[in-house]
Structure formats: C-alpha cells, structure tokens
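Enquirer: As a plain string of letters, each chain reads:
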Amino acid sequence: MNELISLMGPGLTLLAGALAALLPGIGSAKGVGRVGEVATGVLTEDPAKFGKVLILQALPGTQGIYGLLSWFMIMNASGLLTGSANLSWQTGMAYLMASLPIAFVGLFSAVYQGRVAEAGIALVAKRPQEQSKALVLAAMVETYAILALLATVLSVLNIKPV
Amino acid sequence: MSVIEMSRLTLVGLATQKADIMESLIRLGAVELDEMPPQPVPQSLEPYDERGFMSLNSVSRLEAAAEFCRQQDPQSHHMGSAKRLARAEDFILAGQREREIMAQLNSFEHIQSQIAQLRTSMAQDETVREILTPWDGLELDLALTATRETVVFAGAFPSRDALDDFLAQAREEAPETHVEVFSEDAASVRVVVITLKFREGLVHTGLRQHGFHLLPALGLSGKPRQILEDIADHSDDHQRRLERLEKEQQDFVIQGKDFELLHDYYLLQSDKIEALNCLPGTANTFYLTGWVPAKLADEMTRALKQRFLVAAETRPPVEGESPPVQLNNHTLVKPFEIIVEMFSPPSHEDVDPSPLLAPFFFLFFGMMLSDVGYGLVLTGLTGYMVFKKKATGEMGRMSRMLFISGIGSIIWGILFGGFFGDMLTVLSQGKIVVPSLWFNPMVEPMTLMVWSMLFGVLHLFTAMGAKIYLLAKTGKLFDALVDVAPWYLVITGLGLLIGGDSIIPGVSLKFAGQVMAIAGAVVLLLFGGRDSKNPILRLLKGLLSLYNITGYFSDILSYTRILALVLATSVIAMVFNKLGFMLGPTPVGYLVFTVAALIGHTLNLALSALSAYVHTSRLHYVEFFSKFYEGGGRLFKPLRIRTRFIQFDRKP
Numbered sequence: 001m002n003e004l005i006s007l008m009g010p011g012l013t014l015l016a017g018a019l020a021a022l023l024p025g026i027g028s029a030k031g032v033g034r035v036g037e038v039a040t041g042v043l044t045e046d047p048a049k050f051g052k053v054l055i056l057q058a059l060p061g062t063q064g065i066y067g068l069l070s071w072f073m074i075m076n077a078s079g080l081l082t083g084s085a086n087l088s089w090q091t092g093m094a095y096l097m098a099s100l101p102i103a104f105v106g107l108f109s110a111v112y113q114g115r116v117a118e119a120g121i122a123l124v125a126k127r128p129q130e131q132s133k134a135l136v137l138a139a140m141v142e143t144y145a146i147l148a149l150l151a152t153v154l155s156v157l158n159i160k161p162v
Numbered sequence: 001m002s003v004i005e006m007s008r009l010t011l012v013g014l015a016t017q018k019a020d021i022m023e024s025l026i027r028l029g030a031v032e033l034d035e036m037p038p039q040p041v042p043q044s045l046e047p048y049d050e051r052g053f054m055s056l057n058s059v060s061r062l063e064a065a066a067e068f069c070r071q072q073d074p075q076s077h078h079m080g081s082a083k084r085l086a087r088a089e090d091f092i093l094a095g096q097r098e099r100e101i102m103a104q105l106n107s108f109e110h111i112q113s114q115i116a117q118l119r120t121s122m123a124q125d126e127t128v129r130e131i132l133t134p135w136d137g138l139e140l141d142l143a144l145t146a147t148r149e150t151v152v153f154a155g156a157f158p159s160r161d162a163l164d165d166f167l168a169q170a171r172e173e174a175p176e177t178h179v180e181v182f183s184e185d186a187a188s189v190r191v192v193v194i195t196l197k198f199r200e201g202l203v204h205t206g207l208r209q210h211g212f213h214l215l216p217a218l219g220l221s222g223k224p225r226q227i228l229e230d231i232a233d234h235s236d237d238h239q240r241r242l243e244r245l246e247k248e249q250q251d252f253v254i255q256g257k258d259f260e261l262l263h264d265y266y267l268l269q270s271d272k273i274e275a276l277n278c279l280p281g282t283a284n285t286f287y288l289t290g291w292v293p294a295k296l297a298d299e300m301t302r303a304l305k306q307r308f309l310v311a312a313e314t315r316p317p318v319e320g321e322s323p324p325v326q327l328n329n330h331t332l333v334k335p336f337e338i339i340v341e342m343f344s345p346p347s348h349e350d351v352d353p354s355p356l357l358a359p360f361f362f363l364f365f366g367m368m369l370s371d372v373g374y375g376l377v378l379t380g381l382t383g384y385m386v387f388k389k390k391a392t393g394e395m396g397r398m399s400r401m402l403f404i405s406g407i408g409s410i411i412w413g414i415l416f417g418g419f420f421g422d423m424l425t426v427l428s429q430g431k432i433v434v435p436s437l438w439f440n441p442m443v444e445p446m447t448l449m450v451w452s453m454l455f456g457v458l459h460l461f462t463a464m465g466a467k468i469y470l471l472a473k474t475g476k477l478f479d480a481l482v483d484v485a486p487w488y489l490v491i492t493g494l495g496l497l498i499g500g501d502s503i504i505p506g507v508s509l510k511f512a513g514q515v516m517a518i519a520g521a522v523v524l525l526l527f528g529g530r531d532s533k534n535p536i537l538r539l540l541k542g543l544l545s546l547y548n549i550t551g552y553f554s555d556i557l558s559y560t561r562i563l564a565l566v567l568a569t570s571v572i573a574m575v576f577n578k579l580g581f582m583l584g585p586t587p588v589g590y591l592v593f594t595v596a597a598l599i600g601h602t603l604n605l606a607l608s609a610l611s612a613y614v615h616t617s618r619l620h621y622v623e624f625f626s627k628f629y630e631g632g633g634r635l636f637k638p639l640r641i642r643t644r645f646i647q648f649d650r651k652p
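Quick mapping for you: the protein sequence lines, in order, are chains A and B.
Its first residue numbered 1, the first sequence is counted upward by one per residue in my numbering.
Its first residue numbered 1, the second sequence is counted upward by one per residue in my numbering.
Hints are computed from structural coordinates only; laboratory data are not their basis.
Incorrect hints may appear among the rest.
[Said to hold, decoys possible] For lysine to any residue, the following SDA-like pairs were computed, each having C-alpha atoms within a straight-line distance of at most 25 Å:
1. B:Lys578 with A:Thr82
2. B:Lys627 with B:Leu525
3. B:Lys390 with A:Phe50
4. B:Lys431 with B:Lys627
5. A:Lys160 with B:Met442
6. B:Lys334 with B:Leu458
7. A:Lys49 with B:Leu635
8. A:Lys126 with B:Glu341
9. B:Lys390 with A:Ala48
10. A:Lys49 with B:Leu458
11. B:Lys390 with A:Lys126
12. A:Lys133 with B:Tyr488
13. B:Lys467 with B:Thr492
[Unchecked claim] Residues of chain B placed beyond 10 Å of chain A at every Cβ, according to the derived structure:
14. Ile26
15. Asp350
16. Val523
Since the model is a prediction, treat every value here as computed from it, not as a measurement.
Positions of the beta carbon are idealized from the N, C-alpha and C atoms, including for glycine.
Bound conformation, chain A alone:
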C-alpha cells in the first residue's frame, strides 16, 4: 500500500503532463486536418493560393504546441525530466489540477478554431486579399487557449515540488 502511495506522486505528475500533451494535440490534429481537407479543395481550382491556405491551416496547430509546452514545464518543474524527482501524491495532484485548463480548453478551442479557419479558407478562395481578416477571426478563438495556457503555466510555476 505504501508503495502504491509513493508511486502516486510521479504517476499523477506524469498523468498531468500526459493530459496536457495529448488532449490539445488531438484537438489540433482535428482542427488542422479539417482545414487541410478544405484547403486541398481550394487548391484544385487555384494552386497559386497555397501560401495563403497553408497559413490558415497552421493556425489551429498552436494549441498542440501549447500543450507540449505545458508538458515540458510540468516535467521540468517537477524534476522528472532531470531525474531528480521526489514527489508526494499531493504534489502530483496539484500538477494534475494545474494541467486541466490547457488540456481541455486546448482540445475544444483547437477544434472550434479549425472550424473558423475552415470558413476562412472559403473567404480566401473568393477574396484572396482578405486573408488577414480570416486570420484574425480564427485568432479570436485562440484567445481562450492562451488564457488557459497562462492559467496552467502560472499554476505550474507556483507549485513547490515536495
């Protein structure tokens, strides 16, 4: 039983990192993939728009990056990355809670941002010069991922591994 409890610290921390890395990654993959599908459609008509649609496709990808960033911060701050970890289950729990914002908000905002970016591609297909507007509209969704990232990062930075 004692062994189980002593394992929980690193275990929960790893779970925290894993959630932060995997959920936003799934969201970004979905979002970016969705946009990619629509983008290829546009390119069949006009291959010259490749640069423009590529930028729009890249936008929902940032949540995956934020997730990985959070994973890295959790691993680094807890000491797991350098191998010098001495984590109680309470600390593990704390890290788990801290990773929740970016995990879930990253997932959903990436999917929704993908939808906006997809619509943005339709805009760019008709009016290529309005690309900036499409970018900004998609970036509005990203605001929430950024706020969630801030919540996670600031929480992680303030947990003292014990």
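Fit chain B to the known structure of chain A by using the hints.
Expert: Leaving out everything else, chain B in the frame of chain A:
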C-alpha cells in the same frame, strides 16, 4: 492628416483623341476613373477589339513562354519575379514587331511540344526495355497469344515453390496445361504457360492464387530480343534528336525578353481598351469623371489642355461624395499602412490611424517574438527581399513591415536575454549565460504579466486619446470630457489601488488611487445618462455606463497574451535546444544538434512570427481600433500601367 486630399475631375474631349488621352492618363498613373458599365460603341469608331494577334490566348501563351525563358536563361534567372527595366521605345517597338514575335512564339512552342513528345516516347521505350530485358532470349513472339484451340502467355512466379504448387493443382484441375520454364533467379521464376481455351478462366484463377504475374500486354510484336534491339537502335537516334531540339530551345531562350515586352504591351492595350469601352459620349465626343490628388490636379489639367483639345475642370469633393483615399506617411510609418488597410482603409473624413498604430505594432510584435536570433533571421530574410530582390506588391509591403518588426524583436531579445532560446547555455553546458538587460521572463513571469498589462493600458489610453481628439474636432468636446476622460481616472485609480504600494518605495499611493477612481466613477454616474430628463432614470443609466468597466477589464486582460507568447517562444526554443543536444558534447552530438536546431528553430521562428503578427494585429483591430476607428473607406486605385515583366526606365 495623413490622408491625401482628392479633387473631382471632369473631362470632355474629342472622340478621335480618346485613345491618346487615355494612354496619357495611364502613363501618368494618377487618375481614378469612376466605374461605369461598358457603353455601346458608336459605329463611327474603330473596332478596338480586333487588333490582329492580341487575345487572351496569346497573352497567356506569351506569359508561359516568358516565364520559361526567365527560368532557363542564366542571365535573367536571378531576377525571379522582379521586373526587368526597359525603355519606352523598346516597348513600342515590340508592339510594332508583333507579327515577328508571335511567329517566333509559334516556333518556340513547336519545339517545346516536339521535345515533350520525344521525351514521352523515350520514357515509354525505357519502360518496355525494363520489362523485357529479363525475357531476352524467349522464342515466343509477343503478339502470339492464342491459336485456334489454345491460349499462351508468359509471366513469372515469385518462387520455385509457388510454381510447384501451381503445377500440382493444375495436374488435378486442368491437366492440359503445360508450363515451360524460361529462366529463374532469386526473385522470380519466368515461365510460359499454354493451356486449352476453355481452361483459360480456371488457369488464370489458379495462377493468380499462386502469385503469378502476367507479362504486361505491351501491344508489341516480335520476339523480345528483336524488340530490345530495335529500342537500342532508336535510343541513340532519339538522344541525338533530343539534344538538338534542346539546343534549339536554348537559342530561343534569349528571345525571352521580346516575349516579356510583347506580353506587357498587350496588357497595356487591353487595359486601355477596357477603359475606353466604359467612356460615355456622343459620336464625336466623350467624357470622363474621376478623382485625382488635389496637389496634381492643376498641373495635370494644364498638361492635358496643352496636348489635346479638351475641357477639363477639377473641384474639391462636395458633401455626400465619397472620394477614395491614399495614405501618406513618414517612411518609418509607411510599412504599417498595410495593417490598417487590411482592416479597412479610412474614409476621407477619418483620421489615418497608421502613425498611432506603427509604434505599438513595433512594440508588441517585438515583445512577442523577443529573441535576438529570430529577430536577426527575420530582419535578414526580409531585408534581402526588400533591398536585394526589390520585392514589390503585397509581398514587398509585408516584407518591409516585417523588416522593421524584426528589429523590434532584436531589441526585446536583448532586453529579455534570448538568443535562439538558451542555445548558448545548452551548447556550453551552462558556462555561457546570456544576460537579460531588463529581466528574464522565464524567471519572473509575473513581472512580464504586469508590464504587458501596463503596456496594454498605455495602448488603450492612446486609443481613448484619439477618440477625444476626434470628438473635439467635431465640436463634441464636452462629450469627450464626460464619456471618455473619466475612464482615465477610473483605470489609473484602480491600478493604483491594486499596486499602489510597489511603485514608489515607502509611499503608498493607494489613497490617491481611491480618490481618482471614485472621482471618475462619479462623473460617469452623473453624466452617463444625461439624455434622460428624469433624474432617477438618469442615475440608473449612469450606473449602467459604469458597467463598461468589464469591457475595459477584459481588454486589459487580453494583453496578457504577450506573456503567453513570450513563454511559448522561449520554451519551444529551449525544448529544441535540449533535445538536440541530448547526445552531449561529442562530434556526433554537435552534428545532431546542428540538424535538430536548424529544423526546430526554423519551425519555431515561423510559428512564433506568425503568432506574433496575428495576435498583434488582433490586439490592434479589436482592442485599439474599437475605441476610435471604423474605417469604411476605399483605396485610391488610379488607372496605371499594369505590367508583369517590365518596369519602365524613367530616364529620359
């Protein structure tokens, strides 16, 4: 005001001089014609649309040929898509030589299609050669696939075992089948199979089950050896012909310049015709209306009257008209005009927000991408585009904007201590630590958050100031003072309340903050509902206007994205440095690091620069502009020479 004043131009002229006047206007490039639907062309005028060789088809053929020649000609290859300088005389000469140039185009295209055909048949020969070489020596004529009672075909089994299995099966189910082994190697056993016609289906199924690959029907006849020899004979021939044709093509490549000239000449003519077809008039006259920059108006009408018989007048715009706008700013502000234009250009009564936007865009972009290394790369790349390749158009304007923004990034990289993240620290294993001139966001993230919000407040205050200025200009100074100005007090007051102890050591400004906030709130409360006569309703409306504090609160919070983006850039850079250097300070380790760093930092630069651009734009469009700027104007689009390849050498 950085919006150029426009004058309304009205011009009446003779139909016979219409084309020449149009050409002069196009040359000047300073007049925007009103959009008018195409007019019916009176019978007395020349049919402008029949000019011999000019057509959409020839324009695109010329374009393709000119592009190809640019690629192939070592002299012009380095120009990329930049425009070639040419003199006006060469240009007109090209127009006169159009018959000759189009004939050359025909020959050029003919050579190209011959080369393509030749290449295709050479490729086909090669395929056949590959397929048939293992069958060299087979005594079977490939055209012979059947006799009256039998079918015969050649192919390969994947192994001896497969062949044996098939033979066993065939002995039972289709004993009339005979298999003759031709050759064998490690990968396959080549055989010829003969069977009776009525067994064909069964045998095919059996063969397929054992992995048999049929020799493809090549549509050729004769024994493989004969075919291979024929191909060998041809190939030398084909090779020589190909070389000769390619040399001929190369000779043509020098003509590329002519193709470019004629292409742009046709572009100019078709633009002119399109414009001409829209000019209303009578049988002998025409008139046009449009806009011209006020500064050039007099000079232009004088010049036109000198050369042509026209009646032209200009006047300032009247109430209700909406002239187009052209922005005019300082060289350092000009690159940022594109950001404003992408949102919406100002209408002619608006003030141009570019001079306000420029310094803040520079500030926020620099903060978000704060890294000396990334800034250097960005500035270097865009500098190359701007100064060496002389990029024009949208690409050129974005490059100029990013060039300046990259410098901002370098500055903030110095302030925050980032050079490709912590690359030097990782490479030197902790010995070199790049100092930060101000503070390191990784160590003190809260400091950066506070400063982000402070810069945000500065941004918002500037926007509010612009609003006050605009209101004052239209005589609504009182509105400005009771609707906008109190928020200065409220926001500053609340800020002091929260952080009043840490600004001046030993002095608590909290009380001052309290006073300011309350003062501002009182003004808003009293005057927020000044439209209502009923005092109770008035106070209630005033209370409601105080609710806008939430709007300001969310605006200020929005600026914390600066912290998020700075952290994101730094941490990703750190990750790539750490991962890349995992093999340690060994020669292999350094090699791996170089590769990983190249890939990783390029990715990070692209991603972070994109994020910085998008989020800085967003901050301006949503938080900044919403306070004082709407846009809704349209840009000045003068009739001008539109070219693809040529730029006129303005030297006399």
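Enquirer: Now tell me if each hint is right for this structure.
Expert: Tested hints:
no.: 1; hint: B:Lys578 with A:Thr82; result: holds (11 Å)
no.: 2; hint: B:Lys627 with B:Leu525; result: holds (20 Å)
no.: 3; hint: B:Lys390 with A:Phe50; result: holds (23 Å)
no.: 4; hint: B:Lys431 with B:Lys627; result: violated (49 Å)
no.: 5; hint: A:Lys160 with B:Met442; result: holds (16 Å)
no.: 6; hint: B:Lys334 with B:Leu458; result: holds (22 Å)
no.: 7; hint: A:Lys49 with B:Leu635; result: holds (23 Å)
no.: 8; hint: A:Lys126 with B:Glu341; result: holds (18 Å)
no.: 9; hint: B:Lys390 with A:Ala48; result: holds (21 Å)
no.: 10; hint: A:Lys49 with B:Leu458; result: violated (38 Å)
no.: 11; hint: B:Lys390 with A:Lys126; result: violated (29 Å)
no.: 12; hint: A:Lys133 with B:Tyr488; result: violated (31 Å)
no.: 13; hint: B:Lys467 with B:Thr492; result: holds (18 Å)
no.: 14; hint: Ile26; result: holds (23 Å)
no.: 15; hint: Asp350; result: holds (19 Å)
no.: 16; hint: Val523; result: holds (31 Å)
Hints 4, 10, 11, 12 from the earlier list are contradicted by this structure; the remaining hints agree with it.
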